[in-house]
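S.K.: So you can see what is in the structure, the chains are spelled out below.
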Amino acid sequence: MSARAEFLLRLADTSLILAQQLGAWVGHAPAIEEDLGLANVALDLLGQARLLLTYAGELEGRGRTEDALAFLRDPEEYRNLALAERPNGDFAQTIVRQFLLDAYQHELFGALTSSSDARLAAIAANAARETRYHVRYSGGWVVRLGDGTEDSHARVARALSALWPYTAELFDPDPLDESMAREGVAPPLADLEPGWRAAVGTVLSEARLELPPTAAYRWYGKRGEHGETLGHLLAEMQYLQRAYPGATW
Amino acid sequence: MSATLTGAAEALARARATLETVLDPEIPALNVYELGLIRFVDASDHRARVGVTPTYTGCPASAFIRRAIEEALRADGFQEVEVIEVLTPPWSSADLTPTGRRKLEAYGIAPPAGRRANRDPRGSPRRCPRCHGADLECVSEFGSTPCKALYRCRACGEPFDYFKCL
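Protein chains in written order, with the numbering used here: chain A, 1130 to 1378; chain B, 11 to 176.
Chain B on its own, in the form it takes in the complex:
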């Protein structure tokens, strides 16, 4: 029995390590854990089941990410891989890990901030990810992907993406 448990624990650790190598195709600085997309992982020696939540329902990256997870686990020796889409609870920008938020800013994207009040559901960035200036203006409520809005820093003049609250 202890041998089985150890085997399962090893498989789980291996599956998790593999998932840490799967990056978001649009924001390749963050892995799927840091984005808060992984809802559960079950693994035994040759089988893995992973629950993944989409961010926005229409995000084209969702299907890409599920496929990337499946391919990575297969390449790592899991013969039976099941990737399940989990809708409940819905993904929230609060699911980003602290490391994820740090990496996001280092990558040039301001992490989500502010209250999710009805009047301003997207919140607003605290500072410019480049110069850390706080004098910011919103250029567009929608950016290159559904999860982002476009801002400009009046201090350094640079435009930057802001990861919206959801």
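The following block holds chain A by itself, in its conformation from the complex:
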């Protein structure tokens, strides 16, 4: 698989895994509005993933479709950020995970609209506008929970300290990120950090939450290093195509 296709998988898989995670809230969210909200965000993420996977499959040139890439890859072939695969936990944990990644995608897709790859730029332009809603939604909930009751504050603070270590990967470039930046396909990851920190910092201070310290250990989901939660998630997501290959509606 070419470097560019591999890079597209990183973008696609983060959106796809998040979509699948949010989908698990349907019918379980604390209120009907949140059921709708999480499902709508999931749908946007799934749409982004489909466009990106289709493009990755075409670049690869081995005839793999979006479905083949989504349903027939094993966990170690997935390239999502480790943060995306952290479990849903309670509503606070889902919201914090979503907010940290929404704010990241907001910076990332915004920058990718000027990618030297015209097709990626077009996909990013569509995704960037949807992502504005996502940040607004998840950020709004971080504030409501953080600045809410003692219990909601404690839960959102716990989620933040549990998830924060996984954010180091977001801005830590590896050789693939660096080569994409050299080709002008993607921005240097370090360029995204100030905007992300500012956006996250504003919301956290409104939510009366402290920025946790940077973690010493780093996870690299984008290189295919995953925890066991991804295996469980994919087992559920891929079951039908694995058990009945080629099944359609």
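Certain hints may be false.
Unchecked claim - Which bits of chain B does chain A cover? Going by a derived footprint, with three or more residues having C-beta under 8 Å, they are:
#1 41-47
#2 63-75
#3 88-100
Hints were generated in silico from the structure; no laboratory data involved.
The beta-carbon is built from N, C-alpha and C at its ideal position, and this holds for glycine as well.
Let chain A serve as the given structure and place chain B on it in line with the hints.
M.R.: Using the frame of chain A, we list chain B on its own:
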């Protein structure tokens, strides 16, 4: 040559007339032109090529609409039909035509309004589509489809959908 041109113009007019009959499955009051989904149409006597933009990337109606366009054109005698997804420029709620906006409100959905500032990217409805009251409250930022938010009119008490700015 003039005969060919006339033939092409007729085919184009026929294709466009056919497209006007293709409605949005979720908002069946509006056709694909009124929604601003058609980016281009090329047609000769038996061939048609149509460029369609999706609204939201994940909107399930997009694939349905592309298929409906293909079926309608085939039924109208175009043997070779190509429906192409066009991502650039991205669809915007500003692409709704004035007729589309009017039909949307008559159907009970408040058309998109307001500035697309970062603080409030979705804008807010100007008035209740039923009683035209202006005292409105947002019930949910997300509605039954990605493109809508849910509002309530404090004057008539009715909930209604608002078509968000994008």
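S.K.: Look at each hint and say if it fits the structure.
M.R.: Now for the hints, and whether the structure bears them out:
1. 41-47: This one is violated; 0 residues, fewer than the three required, reach chain A with a Cβ under 8 Å.
2. 63-75: Check passed, 6 qualifying residues.
3. 88-100: holds (count 4)
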